[in-house]
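Full structure from sequences and hints, please.
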Amino acid sequence: MNNPRGDYGPSNFDARQSMTGTTVYQLPFGHGKQFGANWNRVTDGVVGGWQLSGNLQINTGYPLTPHTSAVCKNNCSQLQDYFAHLNQYAPMKIVGRGKNAAGVFKWFGTDPSAAPCNSRGTAPSASNPACAYGRTNTDFGNAKIGTLRGPGFENFDLSLSKGFRTFKEQSLKIRGDAFNAFNIASYGTPNMYVGGNDNSFGQISGTSSAPRKIQLSMVYSF
288 MNNPRGDYGP SNFDARQSMT GTTVYQLPFG HGKQFGANWN RVTDGVVGGW QLSGNLQINT
348 GYPLTPHTSA VCKNNCSQLQ DYFAHLNQYA PMKIVGRGKN AAGVFKWFGT DPSAAPCNSR
408 GTAPSASNPA CAYGRTNTDF GNAKIGTLRG PGFENFDLSL SKGFRTFKEQ SLKIRGDAFN
468 AFNIASYGTP NMYVGGNDNS FGQISGTSSA PRKIQLSMVY SF
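Under the numbering used here, the sequence shown is numbered contiguously, ending at residue 509.
Just so you know, these hints were derived from the structure itself, not from any lab. Certain hints may be false.
Cut-off 27 Å, straight-line C-alpha distance, at most; resulting in silico cross-link-like pairs (DSSO-like, lysine-lysine) [unchecked claim]:
{"no.": "1", "residue 1": "460", "residue 2": "431"}
{"no.": "2", "residue 1": "380", "residue 2": "431"}
{"no.": "3", "residue 1": "449", "residue 2": "500"}
{"no.": "4", "residue 1": "460", "residue 2": "320"}
{"no.": "5", "residue 1": "449", "residue 2": "320"}
{"no.": "6", "residue 1": "449", "residue 2": "460"}
{"no.": "7", "residue 1": "320", "residue 2": "455"}
Here it is, written out as C-alpha cells:
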C-alpha cells in the first residue's frame, strides 16, 4: 500500500455527540407521600407506592466509508477479496434527504454529487458532472476513512414497578417494562458500496432499533 494515511480517520464507533442516562422517580401517591396520606389500606395498596424509572440512549451517527471491489493490480492475489477505497473528487452536498418518488430512502439525498461515478477511473464528466465519489482503476483510491456520517440513534426504555409486603419479611414486586417505549425507528446503515450497475449507494432498507416490546413480571421474595 502506497498511501498509509488513507487508512487514517475516525474509528467506526466515533459518535460526535452521545448521551446516556438513567432516572428513578417515586410517584407522590400513597402513605407518607404528598398525595393520599390518608388513603385507606386497600386504596394505598393499589394506587400508592409506585416507582417510575427510565433509561435513554441518544447518539449522532457513526463514520461511513464509501468503498468498491478491489482491482488487485499490485497489492493482492486474484484469489483474495477485499474492499478498495474510492476516489473523492469533491465534497458531497446533501439535499433532499428522505424517500424519493419510488419510496426508497436516500440518506445522501438527491443532489447530483450524491450519485457516484460507477465506471472505474471515470472522473466527473458531462454525463455525471458533479459526482463526489467514483470508482478507482488502481489498487487504492484517495478517499479517506470515515468521510461521511450515518444516521443517529435514539432509544427510551421505561418501567413502572411497585412492591407489596405480604407476610412478615416476605414481599411481592410487580413490574412492567417498555423497551423502546416510544417505538422510535432509528434508521439503519446506508449502503456504502459503489460498483457496476448497482445504483443502491446511500439507500437505507432497515432500522438499527428493535420495535417496542412490553414485558410484565412478578417477583416473590421470601
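Hints and how they fare:
Restraint check for residue 460 and residue 431: the C-alpha separation of about 54 Å exceeds 27 Å, so the hint is violated. A C-alpha spacing of about 17 Å is found between residue 380 and residue 431, which places the hinted pair at or below 27 Å, so the restraint holds. Restraint check for residue 449 and residue 500: satisfied, since their Cα atoms lie roughly 20 Å apart, inside the 27 Å limit. Pair hint residue 460 plus residue 320 holds up; C-alpha atoms about 19 Å apart against a cutoff of 27 Å.
For the given pair, residue 449 sits about 14 Å from residue 320 by alpha-carbon distance, which is consistent with the 27 Å threshold. For the given pair, residue 449 sits about 6 Å from residue 460 by alpha-carbon distance, which is consistent with the 27 Å threshold. For the hint linking residue 320 to residue 455, the alpha-carbon distance of about 23 Å falls within 27 Å, and the restraint holds.
Comparing the model with each numbered hint stated earlier shows that hint 1 is the single one that does not hold.
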